[in-house]
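Let the sequences and hints guide you as you build the complete structure.
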Amino acid sequence: MIGRKRLSPTMRPLGRIRAYARFLAAAFAVNVKSTLEYRVNFLLQFFGMMLNNAAFAAFWVVLIARTGNVGGYGFSDVMLVWAFVSTSFGLAHIVFGNVRQLGRIIMEGGLDVYLLQPKDVWINALASKTIVSAWGDFAYGFIVLAMTTGADPERWALFVALVIPGALIFAATFAAAESLAFFIGNSSAISSALTEFMLSFSLYPEGIYGSGMRWMLYTIVPSGFVAFMPLRIFKALDWRLAPVLFLIAVAYVWLSYALFNMGLRRYESGNRMDARV
Amino acid sequence: MRSLRRGSRVYAVAASTAMREKLAYPGNFAGSMFTYALFVFIFSRVWAGAYSGTTEIAGYTMRMSVWYFIVAEVPSFGFGRFFWTLSRDMKSGQVAYLLVRPYDFIRYNFAEKFGGSLVEACVILAEGLAVGLMLVGPPPATASAMAAMTRPLFLAASLLMAGTLNYLLQMTIAMTAFWFEENEAFFWIFQKFSLVVGTLMPIEFLPRAAARIAVWTPFPYLSYAPARIAVAFSFSDALSLLARQALWIAVALWLARIVFASGSRRLSVNGG
Chain A
9 MIGRKRLSPT MRPLGRIRAY ARFLAAAFAV NVKSTLEYRV NFLLQFFGMM LNNAAFAAFW
69 VVLIARTGNV GGYGFSDVML VWAFVSTSFG LAHIVFGNVR QLGRIIMEGG LDVYLLQPKD
129 VWINALASKT IVSAWGDFAY GFIVLAMTTG ADPERWALFV ALVIPGALIF AATFAAAESL
189 AFFIGNSSAI SSALTEFMLS FSLYPEGIYG SGMRWMLYTI VPSGFVAFMP LRIFKALDWR
249 LAPVLFLIAV AYVWLSYALF NMGLRRYESG NRMDARV
Chain B
7 MRSLRRGSRV YAVAASTAMR EKLAYPGNFA GSMFTYALFV FIFSRVWAGA YSGTTEIAGY
67 TMRMSVWYFI VAEVPSFGFG RFFWTLSRDM KSGQVAYLLV RPYDFIRYNF AEKFGGSLVE
127 ACVILAEGLA VGLMLVGPPP ATASAMAAMT RPLFLAASLL MAGTLNYLLQ MTIAMTAFWF
187 EENEAFFWIF QKFSLVVGTL MPIEFLPRAA ARIAVWTPFP YLSYAPARIA VAFSFSDALS
247 LLARQALWIA VALWLARIVF ASGSRRLSVN GG
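Top line first, the protein sequences correspond to chains A and B.
Per the working numbering: the first sequence = residues 9 to 285.
Per the working numbering: the second sequence = residues 7 to 278.
Check before you lean on any hint, since a few could be wrong.
Capping the alpha-carbon separation at 27 Å, the derived lysine-lysine pairs in BS3-like fashion look like this [stated by the list, open to error]: (1) B/97 with A/137; (2) B/97 with A/41; (3) A/41 with A/137.
Far from chain A, some chain B residues (derived; all Cβ distances over 12 Å) [unchecked claim]: (4) 28; (5) 31; (6) 59; (7) 99; (8) 140; (9) 146; (10) 159; (11) 162; (12) 186; (13) 198; (14) 213; (15) 216; (16) 265.
Pair by pair, the computed Cβ-Cβ distance ranges are [claimed, not checked]: (17) A/156 with B/216: 49 to 57 Å; (18) A/226 with B/100: 47 to 55 Å; (19) A/193 with B/243: 34 to 42 Å; (20) B/90 with A/30: 53 to 61 Å; (21) A/155 with B/256: 40 to 48 Å; (22) B/43 with A/226: 37 to 45 Å; (23) A/48 with B/223: 55 to 63 Å.
Derived by calculation from the structure, the hints in this document are not laboratory data.
Even for Gly, the Cβ is constructed at its ideal location relative to N, Cα and C.
Put into C-alpha cells, the structure is as follows:
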C-alpha cells in the first residue's frame, strides 16, 4: 500500500471496477497479440466462421422467398437475430475465451495458478484466453447490420448497447454450466448440451417455439435475452429497455459468479506445476 | 486371384477393427445423437412455421420436408468428418507410416474411416427414424407395396454411396495438405456448399437457375439423393439418382488418385 492513495469506502467499488476494467483491457491486449502471432490461422478462422454463418443466410433467403415469413420473422428479422447472436457470442469468446474450458480447468486442477494471483479467480481464469474464430462471429454481426440497416449511427449505437449484455449472458450461462464440474466432476456433457441448446434456439425465429417452451428461453437457456428481446428493442428503437437488459445480464453474471464461488470452496488442488507465459 | 482376395482381406480387417473400436465406446455417440435430435426438433419447428400458410412448397408437404431433413442429415453426421483425421495425419507426418506399407493408401484409409463411420451413421439413422415417428408420424407412403418393400434397399444403397462420395471428396481436400499447411478453408467451403445444396432443404426449393446448376455438381449426391429416395420414391428416379451417385464416385476416385500421385511426390520424410 506504500505510495498508493487509499480509496474512501464509498469509492472502493468504483476503484475496483476501474482496476478490473484495466485488467480486462490488459488481458485482451495480450490475447490479441498472441492471436496475431499466427496471422494465416487467424485469417482462416475469421473468414471460415463468417462463411459458416453466411451459409445459413443462404438457407433463409431461399426459404423466406418461398414462404414470406417463418414464425412471424421476415428475412431481415432472421438476419438481425443472427447479427445479435453472432456478435454477442463472438464478444463473449474474445474477452472470456476460457468460458467453455472452465470445467476442464477445474477438473484438471488448473485453478491453482489463478488462485495464487491477486485478481479474482473467476475473472482471471475466464479472461486469460481468447478464441480466434470468435473474431469472425463478432465481425459477422456488424456486416449483417450494415447490410440490413445501413449506416444509421443511432441503430449502430443501440446494437452495441444490446450485444454487450448479450455477451455477458452468454459468458455467464456457459461459465455456470462449466462450474458444475466442482459438484459433479465431468460436466462436459451438460455444458455442451447447454451450448447447443442456447445457440440452436437463439438462431431461429421465436414464433416457431410453442408457448410451453418459451419460459425456458427466458430462464435456464436464456436465448430470449440474447436474441429475441434485443431484436424487439432494436426494431422499436426503444432505448428505455436497454438498461433492463443490462440488469438481467448483471443478474445472470451474479448467479454464475455465486455458483463458481460456492464450488470453489470444494476445490482441491491438483498439485499441478504450471507456468502462464 | 488369391493375392486379390488376400488384398481385400486387409481392408476388410481394417474396416471391422474400426467398427469394433467404435462399438467399444458407445458413450461417444451421445454427443452426436443429442445434437442430431436437437437439430431435427428445431427444423421440425422451422418447417411447421414455414408451412403455416401453405400445404406444399416446391412439391414437398411438411411431413416430407421433416423426413427429408432427417435422412439428409444422416450423411452429414455419419460421414461428414473424415477430413479432420485425414488432414491431421497428413500434417503430423503419420501418413509416412502408411505409405510404406504394402497396401493402397486411399483404399486402406477408406476401409478404416468408412468402417468406423458406418456404425455412427447406422446409430443416427435409427435415432432419426424414432424421432421422425414421434414428431410427424411414418415417412410418406409409396405408390405401391412393391415400392414400399424396395425403398429401404435403395435408401441403404444411396446412403452408402453418399458416404463413399463424401470420403473421396474429403480425402482429396485433405490431400491438399501436401501443398498447403492451412487447408481447412477448402473444407469449410465444401462443407457449406453441401449444407446449402441439398442438406438443409431439397434442391427443388432453390431458385430454378441455381437448382439447374446444382445437379451438375457433386453436392446433391451427398445428401439430397438418399433423402429424395426416402420421401418421394419412384423406381426411375431412384435408379437415376444411384447412377449419378456412381458416376460422381468414379470421378471423385479418379481425382483423389491424381491428387495423391502428384502430392505424395512432394512428401519428404525425415528421421524415424
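Comparing the hints with the structure gives:
1. B/97 with A/137: holds, 25 Å
2. B/97 with A/41: Measuring from Cα to Cα gives roughly 25 Å; hence the hint holds.
3. A/41 with A/137: holds, 11 Å
4. 28: Non-interface label stands for residue 28 of chain B: nearest chain A Cβ at 19 Å, farther than 12 Å.
5. 31: Non-interface label on residue 31 of chain B holds, nearest chain A Cβ at 14 Å vs cutoff 12 Å.
6. 59: Label violated. Min Cβ-Cβ 7 Å, cutoff 12 Å.
7. 99: Label holds. Min Cβ-Cβ 19 Å, cutoff 12 Å.
8. 140: holds, 15 Å
9. 146: holds, 19 Å
10. 159: holds, 31 Å
11. 162: holds, 28 Å
12. 186: It is violated; residue 186 of chain B is separated from chain A by about 10 Å at its closest Cβ, not greater than 12 Å.
13. 198: Label violated. Min Cβ-Cβ 4 Å, cutoff 12 Å.
14. 213: Non-interface label fails for residue 213 of chain B: nearest chain A Cβ at 7 Å, not farther than 12 Å.
15. 216: violated, 8 Å
16. 265: Residue 265 of chain B is indeed farther than 12 Å from all Cβ atoms of chain A, at 20 Å.
17. A/156 with B/216: 49 to 57 Å: violated, 22 Å
18. A/226 with B/100: 47 to 55 Å: Once the Cβ atoms are compared, 48 Å apart, the range 47 to 55 Å for residue 100 of chain B and residue 226 of chain A holds.
19. A/193 with B/243: 34 to 42 Å: Given range 34 to 42 Å: violated, Cβ gap about 52 Å.
20. B/90 with A/30: 53 to 61 Å: violated, 40 Å
21. A/155 with B/256: 40 to 48 Å: holds, 42 Å
22. B/43 with A/226: 37 to 45 Å: Given range 37 to 45 Å: violated, Cβ gap about 23 Å.
23. A/48 with B/223: 55 to 63 Å: violated, 28 Å
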